[in-house]
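Novice: For reference, the chains in residue letters:
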Amino acid sequence: MARESLADIDVAGIVRGMNARRLGIYIVVTLFIAFFLAPLEAGILTAIKTDASIANTMPFLPPGADGVTAENIGTAFSQLQGGIINSLVMAVPATLITIVFASMAAYGLTMIDWRGQVGILILFLIGVFVPYQAVIIPIDKFWYQVFPLAQMLEPVARLKLVEPGHLQLVPLTITHIAYGIPIVTVLFRGYYQSMPTSYIEAAKIDGKSLTSIYKDIVLPLSKPMFGVVFIYQFTQIYNEFLFSLTIIKYANATAATMTLVLSGIGASISGVDYGLRMAAAFLAALPTLVLYIAFSEQFAKGLQTGGA
Amino acid sequence: MANITIETLTKRFDDVVAVDDVNVDIEDGEFIVLVGPSGCGKTTTLRMIAGLETPSEGQIQFDGDLMNYRTPQNRDVAMVFQDYALYPHMTVRGNMKFGLEEEPDFTDEERKQRVEEVAELLDISELLDRRPEELSGGQQQRVALGRAIVRDPEVFLMDEPLSNLDAKLRAQMRTELQQLQEQLDVTTVYVTHDQTEAMTMSDRMVVMNDGVLQQVGEPLELYHEPTNMFVAQFIGEPSMNFLDGSYEDEAFVSEQLAYPFDDRITDGLSAVSDNDRLVLGIRPEDIELHDPDGEPQGETSHENHTAAMSVTVVEPMGNENVIHLTFPDSSSGTEDLIAIADGMRRIDADSDIHVHIPPEAVHVFDAETGDALYNRRLEHEGNVIQI
Amino acid sequence: MATHEATGESVADSVGWRTKFRYVLNGDFVRSLPFWGIPFVIMGIAVYGGIGYNIAISLTDTAGIGPVDWSSLDLEMYSQALAEPAVHRAAMNTFVLLVAFTAICLVLGLFLAVLLDRQFRFKQQTQMIYLLPMSLSFVVTAKLWVWMYDAEVGVINVVLGLFGISPINFLGNPSFSLAAIIFALIWQFSGYTMIVYLAGLQSIPESQFEAAQIDGASTIRIYLRVIIPQLKAASVSAAVVLMVFALKTFTFLYALTGGYTPPKGTDILATLMMREAFNNVQWAYGAAIATMLLIMALGVISPYLYYQHRQGSL
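Residue numbers (this note's numbering), protein chains in the order written: chain A, 1 to 308; chain B, 1001 to 1387; chain C, 2001 to 2314.
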């Protein structure tokens, strides 16, 4: 058999073959980047185009120099700013309180071993998946007939601390907390389960109480998870629409959240103002987009453990 | 079956040189063990032979055919992985058959039969329909071997295959693997960090450190004639003792010890001049321990290569005692020598003892380079070493 | 002796009772209660109280403004719903959405995960872009896609126009509208399945791939025979999340039109239920449809929870 050496082999051919394959992968990767970014790219360009420019230029191409306007963004901002503030005022405390409750619940259901735990856990898990349609009528009846909290708080409003219209944010926040607890508990539980039990056992042998184990060991060790959970749950609440629609009801209400206001912008069938719509969509998405770009890994981790 | 030629093989990962200019010829049917501490490049070398890594430089040939640019699929090698890499969703039968399915010369009936033959050979016939998760570590190990054997490859590659087994099973599998390899007569490259495995199983072993090949040879050759201090200390358990000193007047002189060399040794040290730094090496099992009040050779003197030392720690192993010794005026308080004494002999910690270092068993190394200047000669060993 | 025994017994009894009591108090159940008790009660009232209340309302005939009318309790609303052609249509659309959306998301997500399961430059950034739609509100996505689908100036029709295809009113034409909505939802969710599959791929040791390579299998065969079969758990959990989402999706459809009536041909049970309850104030009827949705969701998640329980991963 002839002894093959480097010189006899078509090295260039092999390298070409490998590069062709690599190139193929890059092309597919790029096509999908275009697929996922196209609606966003075209949307942003439309937001800065004048009406004439929207009609005349390709939707995914930038406008000419005379076709650029900041008017849509300005209008969208004035319409949306109240909604965005309402959403933030509601979502931040709702997320924080949910996290406190859920991390405690997860600790009680993971680190401490007792019979019947699985039963309680299954109740939490079903709570994660329940379609909110199955509880949405009761939510409406509860906050408007059984326990009209916003109305009950009106005396507080007379102290001129808040406008009475904003009080509806209180039941909305409570609703988000109640329905956020199951998923956030599941997120924390997954994390706690991956923590070595030897930490807990060592602390028990050191004579620590369950409270002290939670405070001194579990909490400091779960700092990264708090980040993941905050990003995940804040995005969920900020983007949520169904509860806002049911509790606040009207896009022009004082307490209307971002999603509620946005759903009403440019909705009239007669004149569809795409420039304004796109500008509003981007302003509304901006807080979560910034958060996502800064913490995309945490966001991905939350999705991987918690589900959409 | 194939012989493997490795020429100037080099692998760089970014700036790190994992394997540096390695040259080895592996003969057809040979059992070669690549051994060295972790990170020494032995696994990278194996993975390059397998085709899982591409060499940065150099060549790998099987029977003269260049392998560098062949994918693992086209090399006709079989490999046993450290974690076994059994496919968890397939039965043992499925695992063993998977590779055979790629070989078009077999009918399905033949494949089935071949799997059963190999299972018989490895005594795992009754496991064929189980899944890997239902098997013990030892059984998984056998299945991984079976998956390699079934393919009847040109070359077997094994990456620390025994490291996940407990000590007893490991010793048993060592013998079994060796017998199997002899029976199948397939060229085998085996990677381990365990020098005992390397010594007991290999036809020849390749010692590596920091990506550089240190020495290739038969196990006893490496044991008795190490080319440098690294090989000397890596092979043998407990490790060879090293004493730092210098060459003065045809003798090795350190703070605590003056050790005159006889002609046999000084002949080997012709390139060494006075005051050069040397390292004296002696294996623990070659050190003789004498009672201070006993027979004449217990007398401490430079001429009969005996020194007074004290025992710091005694580790009884049953068959032998590992004795830690210091020189009386040793400032460090750490041990200076380790010796091995018979298990039946009673030696107390904190006692004084006379230590004889036989000149026919010493090694001399260059302190700068670590290279061996003088090794004991195997032809003199007959009556001294019992292995 | 006998008296001794008797007193001994009573002592043992009282000690036993006290010890038992203390044992229960010190037991992990009681000691862990302060941690999970309050969240459990809040969640329990909201979820299970809500479900119970909803079922109760569904048994009444409540409609219009005013409090719930408990006077007549029966299953009338259910029989009415089951006989209604609009419900049949919505159920059919729900089914189509659920199957097509789930299946395509899984396949596309798996493809993207395998595509990204290798080393190349900007891998992290690429993954971030693929997942980006998941960070957007459905209201935002709906706004974007209404415009993408616009019959005159929308990107899709402009691109189709380049190939000589005349404009299609995707959201206005009932034969396209459901497919168009499924496509937009896939755009948003395939990044999610990708990320779930990537986690699954990362948990498979590199040596599995290498062993199969050495066994002589081609890359495609390695994925088909060795890697993908090991992603069963990831597939199951992603499929459950996608199916439950398909059942309850409402926001996207609402935001497309800005009202309770979604584009023609896309009415699903989730939107029908909301419209009946909040637009037509047919509370009891809406509650009955909501209960049916709940039963469907339970039909998806119960086998999943059972599977998880059997795997010991609960």
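If you're looking for bench data, these hints aren't it; they were derived computationally from the structure.
Just so you know, not all the hints are guaranteed correct.
[As the list claims (entries may be wrong)] DSSO-like mimics (lysine-lysine), calculated; alpha carbons at most 27 Å apart, straight line:
#1 A:LYS249 / C:LYS2020
#2 A:LYS204 / C:LYS2020
#3 A:LYS141 / A:LYS249
Novice: Hint by hint, say whether it matches the structure.
Specialist: Hints versus structure:
1. Restraint check for LYS249 (chain A) and LYS2020 (chain C): the C-alpha separation of about 54 Å exceeds 27 Å, so the hint is violated.
2. Only pairs whose Cα atoms come within 27 Å are accepted, and LYS204 (chain A) paired with LYS2020 (chain C) is accepted, the gap being roughly 22 Å.
3. For the proposed pair LYS141 (chain A) and LYS249 (chain A), the alpha carbon gap of about 13 Å is at most 27 Å, so the pair holds.
When each numbered hint is compared with the structure, a violation occurs for hint 1 only.
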